[in-house]
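Visitor: Here's the letter readout for the chains.
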Amino acid sequence: MTTQGVIGELKKIVGADNVLTQKEDMVTYSYDAAVLDPVVPSAAVMPENSEQLGQIVKLCSDNKLPITVRGAGTNLSGGTIPSSRASIVLLTGKLNKILEINEADMYAVVQPGVVTATLAAAVEKKGLFYPPDPGSQAVSTIGGNVAENAGGLRGLKYGVTKDYVMGVSFFDSMGEHVKSGSRTVKCATGYNLAGLMVGSEGTLGILDEITLKLIPLPKARKSMVAVYKTIDEASETVAAIISNRIVPATLELLDNFTIRAVEAYSKAGLPIDAGALLLIEVDGHPGQVAEDGLKVEELCKTLGAVDVKVAADDIERDKIWAARRSALSALAKLKPTLVLEDATVPRSKIPAMVKALQEIAIKYKIEIGTFGHAGDGNLHPTILTDKRNKEEWHRVESAIEEIFDRALALGGTLSGEHGTGLAKAPFLAKETGLSSIIFSRRLRKALDPNGILNPGKITGII
Amino acid sequence: MAGMKELANRLKELEEQLVVCIRCGMCQSVCPLFDRTRKEADVARGKLALLDGLGKNLFTDPDGVNTRLNRCLLCGSCAANCPSGVNVVEIFIKARAILAEFKGLSPAKKLIFQKMLSNPETFDQLTKWAGKFQNIFTKKDKNAQGTSCARVVSPLFGDRHFLPMSDTPFRSSSPLINTPAGKSGVKAAFFTGCIIDKLFPRIGQDVVDIFEFHGVGTYIPKGQGCCGIPALASGDMKSFEKLVEYHIELFSQEHFDYLVTACATCTSTIKKLWSSIYKGSGSKIRERVKELSSKTLDINQFLVNKVNISLSQAEDNAESGDIVTYHDPCHLKKSLGVFKEPRLLIKASGGTLVEMEGSDKCCGMGGSFNLYHYELSSEIGQIKSKNIADTNCSTVATGCPACMVQISDMLAKKNLNIKVCHPIELYAKAIRK
Ligand SMILES: Cc1cc2nc3c(=O)[nH]c(=O)nc-3n(C[C@H](O)[C@H](O)[C@H](O)COP(=O)(O)OP(=O)(O)OC[C@H]3O[C@@H](n4cnc5c(N)ncnc54)[C@H](O)[C@@H]3O)c2cc1C
Ligand code: SF4
Ligand code: SF4
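Chains G and Z, in that order, are what the protein sequence lines are. Read the first sequence against this note's numbering and you will find it ends at 462, with the numbers running on by one and no gaps. Read the second sequence against this note's numbering and you will find it ends at 433, with the numbers running on by one and no gaps.
Worth flagging that the hints you see were computed from the coordinates, not collected in a lab. Quick caveat, the model's predicted, so the values are computed rather than measured. Glycine included, each C-beta is placed from N, C-alpha and C at the ideal position. Take the hints with a grain of salt, since some may be wrong.
To give a feel for the contact side, a few chain G residues facing chain Z, derived at Cβ under 10 Å [what the hints assert, rightly or not]:
1) Gly5
2) Gln22
3) Val27
4) Val115
Chain G is faced by these chain Z residues, among others (derived, beta-carbon under 8 Å) [as the list claims (entries may be wrong)]:
5) Gln17
6) Val19
7) Asn70
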């Protein structure tokens, strides 16, 4: 069938209103949040239920038409940029129902288009907790979170998306419905396909249902800000907190560049001459929170914090986290183009990575603001530039490559949470070696012989 | 289409503002339209990408982009929430003007904007006629909102419940007021705005009474017209500029400390768009526009911050008065950051304020959006009316007469017996007691 023929069939499956083909609409599905060149697809289709989703995959499979699934399109690695003009974008916007929240067994079953924050709020109403909280949670979808193995601020204590996926069901490249995992805490049947789907970026199957683990909502929490003259002292504190066997829920770092940007933007009263800030939250049982809070406060002071401010109430707590949340906004306002990297190192190597970033900024004469999840080694060096300035953009590209190299040399990874997509596919071999990529390609080829599932992502062209 | 290159060139003027968008997609979480349709072209990121594409000559004609650009409430929710500080509404308005100029305004719009709206006298005369005749076409329902539904089902009216036009618009019943500052020590000019004039003259009267009560000197010149937002939203720069110049002249005839309006949309237009969009000829006139813009205040803000109305402890904790809930007009909260003051006035009037869910979610009005996309506008409005009803209130107050129109229509559709008013009406009633 021609692409036009397939589009006609798509309309029969989901109704004409749910199929978009005009050039203008296609342009709006040609990009995501990654700084990469757009590619315009042939059509976009919005199924309203699993049956329609399955039929669409089958139709595309029969016609060898590539599919790129798109949730909120907020990924930072180009995972939703279509592979070519002859391909369709599958939108999960209307697959957005929370199917079940089970309080007794503490799990939730959701469709892939459910927005992360919507789920978090719904389970919180029942005294339960879904911890993964990417900065984009107000818009990102659970499908996108699973497919990118998204992290967030609470990774250190609570882990990331992969730690909450109990089961999935998906359509494979032939349009067959596949199930894996269960609603039980333990499950030992079959391959752990749910695990395989986490981080698969739409290349192995298209998720239609996800079962997520929930945990009890912590009863108490305490937040504080510690101010340091140098970023080294701040990173030493991070290491010390952990080696003292305290695991804060969040342990975030802002460097001087970011502090100044946030202050200029929000006038929150941050110390602009501080070398770094640590924002820390401990949570759990009230007794333990009080004890851990005091210990952390002492550690900060012993290791050189010139000031430690503990939030007295929820209003003060919210102020602290508002400052952290506005970091990206504040940096974004400085220059037209913002490249948000997420190279991650073992947390003991944070001081070395911070130093490397400072050297890279000087070497390539670019501006880098660094903030992020110091507690789990996942920093966000954020490069501020203007893509229209070709010469500077080249320097930025070289700097990014060097950030990757330095992180790998420290035993780290190219990406802590933003995924491989198109952006990091060319560099993957540096981290995993060629044989791992070939293994992944063979796996893909076996599961998707016609190469219709999000071609080009992760493993490059098969 | 011929001239696409030239259009692309004209759009270059927006480039510096367009590149600010980092395509993060965070605007999806607040766009009332995207919430209903889930289509990228309906959210700011999509529309900005389309304008970018038009500037890069991606399209063979501008119609598709134009249609999508006009599917927008101009509510500014996206801009207020944008991490990168994209000035979305200003970009959209400028783009609409560029596109309208390129394509030419439709004859109907030309008639409305260039002949009627931009000539306050003709407009007043015409609507006076309309006010007298509409009773023939509509029947009065007996509902708390005082709306009527179209008797003859006309394609334009559909099943809208619209508020009857007043027989005596405010501007004609109150031709000129000019009193000196009293005990408050300040003098304010009052910009009436079309909706208050035509549909809610009672609010105009309330403002006059409140000013008198607090010893605020009042200046209401004759012959006021429209703030220009309908013309601007349709891309009609010419009528907009004419209206701005007209009012600058009109209000320069007397000295006053503040220009006050009771319409969130007028305030936000005068305060933000007059100064940022008006290009005008001489630098002198631009200066005067800036000066008037900076003196402009919303009535709630004016009363609380300049007349210093404050709450007694008892009023703050009152739980006895009528239950009132408050809807935040986008043009007050998101555009101007005003949300505390109207709440304070409600409490000062003896009402028991109960917050609704999503008080700052758009009501779906969006000016001409309501006219051209009534179904979508109503879908958005029905979420609002449910949130209002869920508070069990007897009254919903809101600081924008345009929101009042939409909310009245939505509540009437569901036969909900809830009064719709401006916080000023509650306050005026309280001081008259
Ligand atoms: C401002 C901002 C802050 C961010 N902060 C964080 C952060 O703190 N931590 C973090 O980890 N990430 C962060 N991100 C990145 C991004 O939000 C996450 O990767 C998120 O998980 C993407 O979700 P999405 O719904 O937008 O997915 P999309 O971008 O739409 O898709 C992402 C990938 O998932 C695939 N996919 C989507 N749905 C399905 C499905 N149903 N089946 C199979 N594959 C599917 C897509 O094909 C694509 O490859 C941030 C992004 C922004 C813009
Ligand atoms: S939130 Fe702002 S920067 Fe982000 S996509 Fe929307 S308009 Fe662009
Ligand atoms: S102005 Fe309102 S309707 Fe228009 S794109 Fe922004 S949020 Fe959506």
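Visitor: Taking the hints in turn, state whether each one holds.
Guide: Here is how each hint holds up against the structure:
1. A least Cβ separation of about 24 Å between G:Gly5 and chain Z goes past the 10 Å threshold, and the interface hint is therefore violated.
2. Here the hint on G:Gln22 is kept, as its CB sits about 6 Å from the closest CB of chain Z, short of 10 Å.
3. Checking G:Val27 against chain Z: minimum C-beta separation of about 5 Å stays under 10 Å; hint holds.
4. Residue-level restraint check for G:Val115 holds (minimum Cβ-Cβ distance to chain Z is 8 Å; threshold 10 Å).
5. Evaluation of the Z:Gln17 hint against chain G yields a violated restraint, the C-beta minimum of about 10 Å exceeding 8 Å.
6. Against a cut-off of 8 Å between C-beta atoms, the interface hint on Z:Val19 holds, since the closest Cβ of chain G lies about 4 Å away.
7. Given the 8 Å rule on beta carbons, the hint for Z:Asn70 is violated: about 13 Å separates it from the nearest Cβ of chain G.
This entry does not satisfy hints 1, 5 and 7, going by the numbered hints stated previously.
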